[in-house]
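Chain order of the listed sequences is A and B. Using the numbering used here, the first residue of the first sequence is number 1, and each one after it goes up by one. Using the numbering used here, the first residue of the second sequence is number 1, and each one after it goes up by one.
Hints in this document: simulated from the structure, not taken from any laboratory. These numbers come from a predicted model, not from an experiment. A few of these clues could be false.
Unchecked claim - If the Cβ cut is set under 10 Å, some of the chain B residues that face chain A in the computed set are:
(1) 46
(2) 105
(3) 110
(4) 113
As the list claims (entries may be wrong) - When the alpha-carbon atoms are kept at most 25 Å apart in a straight line, the in silico SDA-like pairs for lysine to any residue are as follows:
(5) A/37 x B/5
(6) B/41 x A/81
(7) A/42 x B/45
(8) A/42 x B/116
(9) A/42 x B/59
As the list claims (entries may be wrong) - Here are a few chain B residues that face chain A, going by a calculated C-beta distance under 8 Å:
(10) 12
(11) 32
(12) 43
(13) 49
(14) 57
(15) 93
(16) 97
(17) 104
(18) 106
(19) 108
(20) 109
(21) 111
No residue lacks a Cβ here, since even glycine has one placed at the ideal position from N, Cα and C.
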Amino acid sequence: GENVEQHPSTLSVQEGDSAVIKCTYSDSASNYFPWYKQELGKRPQLIIDIRSNVGEKKDQRIAVTLNKTAKHFSLHITETQPEDSAVYFCAASIGQAAGNKLTFGGGTRVLVKP
Amino acid sequence: GAVVSQHPSWVICKSGTSVKIECRSLDFQATTMFWYRQFPKQSLMLMATSNEGSKATYEQGVEKDKFLINHASLTLSTLTVTSAHPEDSSFYICSGRRGGSSYNEQFFGPGTRLTVL
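With the rest of the complex left out, here is chain B:
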C-alpha cells in the first residue's frame, strides 16, 4: 500500500508558459502532501507543504505566486509552475503523508521532469 502517482512524468514547455503537475495518493488519504524540487546531482529541497483544504506553507525563498499549490481533496494535490523559465527546469517530486498517522513517513511519487526551453 501507500502508492503515490504523479502526472505527467515529463514535460517540455516553452518559456513563459504554465505547467500543471498532479500528485495523487492512490490507496490512502494524504492529509498532508509535500512538494520537492531536485536539481541534477543534488538533494531534495522542500518547496512547500500542503494540507487538504488549506493554503500551502512555502519554504523560505520559494515564490508562492510562481509555484501555485492546490490540495483540494485528500487524494490530489497539484503544483502549477506559472510563467516557467529555463531556470525552473528540474525534477519535481511530491510525497504524501497518511492522515491520522502518528508517524512521519512520507510516500514519494515517481517525479516529474520539467524542461523549459
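This is chain A alone, in the form it adopts within the complex:
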C-alpha cells in the first residue's frame, strides 16, 4: 500500500520567516495530495491541496509544489505568524482504486516564535 514520509517532525521558525515541510510518497498512482493543519485537540483542517496534473498551487501565504517524477511534494508557508503554530500533516490518495483513502504522513509540529 501507499506509504507517506514527512520531514521534519518538528520545525521552529522566527515570526516572518518561511517554513518548508517535505513529504515523499511511494505509490506512483497517487493523484491527490492534501495538506492539513491540526491544532491541539481539534479536527484537521484542509489548508491546501494539489492534484497530480498540477505542479504548483498557491493560496496567499501558502504554496504547495509537486514533483511526480521524484514522488515528493512540499508545503511552503511564507511570512509565518504565531497563529501558524500547529501540527501539519501531508497526505496522499490513489483515488477510487483504493477506496479514496488518504494515507497520512507522520506530521510536523511547527512553532512560530514571536
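Assemble chain B onto chain A, guided by the hints.
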C-alpha cells in the same frame, strides 16, 4: 458547507463497557465515511472505510468485531467500541466524502476523545 459533526466530543467509560460514537454530515450526503484513530503526538491512522448501505472495509490489524461500524444513511455513520480497554483510549475522528464527487477531499469531524479507565 461540508460540515461534519461528532457526538460525543469526549467520553469516559469503565473497562469492559461499549461506547458508541456518532458521525453526521450536516449539509451534504456522505456516501463514504472514514474512521481514524489518533494517539497523542501521532498521525491519523485509518481504521476503516464505510460506504452507505454496505459493510465497512477494515484496515489491516483493526479488529472488525471490536470496532463495529454502521453506515445506515447518507448522513450518519456510527462506530461502536465493544468491550473497551485502556489501550483503546484515543482520539477518534471521522470524515465524510461527498457522494458523486470526483475529488477525494474529506471533511473531518471534531473528534471524540475516549478514555477507558
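Does residue 12 of chain B hold up as a contact with chain A if the rule is Cβ-Cβ below 8 Å?
violated (15 Å)
For the hint on residue 106 of chain B, just tell me whether its beta-carbon gets within less than 8 Å of chain A.
Because about 6 Å separates residue 106 of chain B from the closest Cβ in chain A, which is inside the 8 Å limit, the hint holds.
Minimum beta-carbon distance criterion (8 Å), residue 43 of chain B to chain A:
holds (5 Å)
Was the hint right that residue 108 of chain B lines chain A, CB cutoff 8 Å?
holds (4 Å)
Holds or violated: is there a CB of chain A closer than 10 Å to the CB of residue 46 of chain B?
With Cβ-Cβ at 6 Å, under 10 Å, it holds.
Does the alpha-carbon distance linking residue 37 of chain A and residue 5 of chain B stay inside the 25 Å limit?
Status holds; Cα separation ~18 Å.
If you take the shortest Cβ to Cβ gap from residue 111 of chain B to chain A, is it below 8 Å?
For residue 111 of chain B, the interface hint holds, since the closest Cβ of chain A sits about 6 Å away, which is under 8 Å.
Less than 10 Å between beta-carbons is the criterion; does residue 113 of chain B satisfy it with respect to chain A?
holds (7 Å)
Would the hint linking residue 42 of chain A and residue 116 of chain B be met if the CA-CA limit is 25 Å?
holds (20 Å)
Report holds or violated for the interface hint on residue 110 of chain B, using the least CB-CB distance to chain A and a cut-off of 10 Å.
With a closest approach of 5 Å, the residue 110 of chain B hint holds.
Satisfaction of the residue 97 of chain B interface hint, Cβ to chain A closer than 8 Å:
Because about 6 Å separates residue 97 of chain B from the closest Cβ in chain A, which is inside the 8 Å limit, the hint holds.
Restraint check, 8 Å cut-off on beta carbons, for residue 57 of chain B near chain A
holds (6 Å)
Checked against the numbered hints above, the structure violates only hint 10.
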